[in-house]
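Build the full structure now, drawing on both the sequences and the hints.
These protein sequence lines map, in sequence, to chains A and B. Numbering of the first sequence is given in our numbering, commencing with residue 3 and proceeding in unit increments. Numbering of the second sequence is given in our numbering, commencing with residue 3 and proceeding in unit increments.
Hints may be right or wrong, so weigh each one.
Pair ranges (Cβ atoms, derived) [claimed, not checked]:
id	chain 1	residue 1	chain 2	residue 2	range
1	B	D82	A	L42	22 to 32 Å
2	A	D33	B	A121	32 to 42 Å
3	A	S37	B	I47	34 to 44 Å
4	B	A169	A	A63	42 to 52 Å
5	A	A149	B	R164	47 to 57 Å
6	B	P152	A	P147	38 to 48 Å
7	B	T148	A	S37	34 to 44 Å
8	A	A84	B	I105	17 to 27 Å
9	B	N64	A	D85	43 to 53 Å
10	A	D85	B	T148	35 to 45 Å
11	B	G143	A	T148	14 to 24 Å
12	B	T148	A	D33	36 to 46 Å
One-sided and incomplete, this derived list gives chain B residues near chain A with beta-carbon spacing under 7 Å [stated by the list, open to error]:
id	residue
13	A43
14	E79
15	L80
16	L83
17	A84
18	M92
19	R100
20	T106
21	K110
22	N112
23	A114
24	L116
25	V119
26	V120
27	P138
No lab work stands behind these hints, which were simulated from the structure alone. Note that the Cβ used here is the ideal one computed from N, Cα and C, for glycine as well.
Number of protein chains: 2
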Amino acid sequence: MVSITAWQGLVDARVKPGHDAEFLTGFAMPDTAFSLHPQLAADTIPVGDLALTRVLLANDANYPWLILVPRRASVTELIDLADNDRLDLMRETDAAARTLKSITACDKLNVAALGNVVAQLHVHVIGRRHGDKAWPKPVWGAAPPTAYGPAVRDGFIKALRRGLGLAGT
Amino acid sequence: MVSITAWQGLVDARVKPGHDAEFLTGFAMPDTAFSLHPQLAADTIPVGDLALTRVLLANDANYPWLILVPRRASVTELIDLADNDRLDLMRETDAAARTLKSITACDKLNVAALGNVVAQLHVHVIGRRHGDKAWPKPVWGAAPPTAYGPAVRDGFIKALRRGLGLAGT
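The following block contains the structure:
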């Protein structure tokens with residue numbers, strides 16, 4: 003059990019500049035009412051939980067594509083998040099983007115919170131390559147998803163977990 | 003001339019929680035090498051400059067659509083930004099989203115940094131309505147742009163400037 007005072011201290015420490023490394027192991031208030039939207043669950047493979055978000059790999063081998071879902075109930079817009087959650091989401095989005103770029107050596111990153119079809123707040127972090135199936139258009143609706151084979155999927159998940167600091171959990 | 007020490011103090015103050023109001027008038031290091039990509043200039047109407055970003059209105063009356071461009075040279079990815087710039091961009095993106103929602107009473111916000119066609123880092127903040135020309139698909143490439151008439155354009159720009167705290171500048 004972390005007291006409110008200690009928790010506030012952790013939050014204050016986390017929002018100071020130069021403390022990027024802390025957020026992955028930071029403390030986030032749990033939201034027991036959160037449950038992942040069934041469509042997001044159906045289209046993805048779980049990677050792991052960061053302080054705020056559940057990290058998912060889109061089961062589409064056409065593009066390296068992560069989806070980050072804040073574990074908060076009933077949030078649909080970025081501007082609905084509490085300030086500290088918003089900051090965590092920014093940092094976790096950036097960590098996902100760096101990890102994806104580092105693993106895949108993609109040419110461009112696409113980062114987007116759309117939510118027109120699935121309203122539950124989720125952020126897409128997609129590694130794009132010149133010549134991928136949708137390039138230079140956005141990926142949504144561009145090509146039918148191609149499921150990963152088990153070996154590639156497992157190797158990718160392992161590399162993602164290592165890159166996000168989730169390897170030992 | 004602001005000394006480095008004073009500047010750091012301003013930066014430190016800006017990244018504390020609960021100081022959201024400060025960023026609009028905050029101090030940002032100028033980047034004299036910045037120039038707006040000609041394609042972004044051609045497709046938009048300038049709204050004004052926040053601490054970090056140039057705010058543009060896409061000249062497409064199909065959707066209320068802002069584009070925020072950090073005034074930094076040679077930056078293409080969110081993760082290329084310095085920590086303080088990244089934080090400013092998050093806050094200015096949220097301010098743009100709140101302003102757009104407040105003015106247009108849109109049903110959903112779409113926020114995205116893609117940059118596949120124009121590499122200069124820019125963030126789209128788009129107000130979506132159920133039944134708009136692309137709904138529920140993303141807007142890019144969905145319908146030919148429809149230029150604003152002068153009266154609607156000028157009224158919208160005025161409301162945006164007021165919402166973003168740029169009215170008196």
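Legend entry - Status of the hint placing B/A43 at chain A (closest C-beta pair under 7 Å): B/A43 check fails; min Cβ-Cβ to chain A is 20 Å, beyond 7 Å.
Inset, instruction - Closer than 7 Å between Cβ atoms is the bar; does B/P138 clear it against chain A? Give me holds or violated. - result: The hint holds - B/P138 has a Cβ within 7 Å of chain A, the shortest such distance being about 4 Å.
Legend entry - Pairwise beta carbon distance, A/D33 to B/A121, judged against the given window 32 to 42 Å: 37 Å, holds
Legend entry - Interface hint outcome for B/A84 [beta carbon to chain A under 7 Å]: Cβ of B/A84 sits 9 Å from chain A, so the hint is violated.
Legend entry - A/A84 paired with B/I105, Cβ distance criterion 17 to 27 Å: Check passed, 24 Å falls within 17 to 27 Å.
Legend entry - Hint check for A/S37 and B/T148 - Cβ pair distance inside 34 to 44 Å: 41 Å, holds
Inset, instruction - Closer than 7 Å between Cβ atoms is the bar; does B/M92 clear it against chain A? Give me holds or violated. - result: 5 Å, holds
Inset, instruction - May I ask you to test the interface hint for B/T106 with respect to chain A, counting a Cβ-Cβ separation under 7 Å as satisfied? - result: 14 Å, violated
Inset, instruction - Look at the Cβ atoms of A/S37 and B/I47 and judge whether their distance stays inside 34 to 44 Å. - result: Because 43 Å falls inside the window, the suggested range holds.
Legend entry - Hint validity - B/A114 Cβ closer than 7 Å to any chain A Cβ: 4 Å, holds
Inset, instruction - Return holds or violated for the Cβ distance of A/D85 and B/T148 against the range 35 to 45 Å. - result: With Cβ atoms ~37 Å apart, the hint holds.
Inset, instruction - Using Cβ atoms only, decide whether B/N112 comes closer than 7 Å to chain A, and label the hint accordingly. - result: Given a least distance of 5 Å, the restraint on B/N112 holds.
This entry does not satisfy hints 9, 13, 16, 17, 20, 26, going by the numbered hints stated previously.
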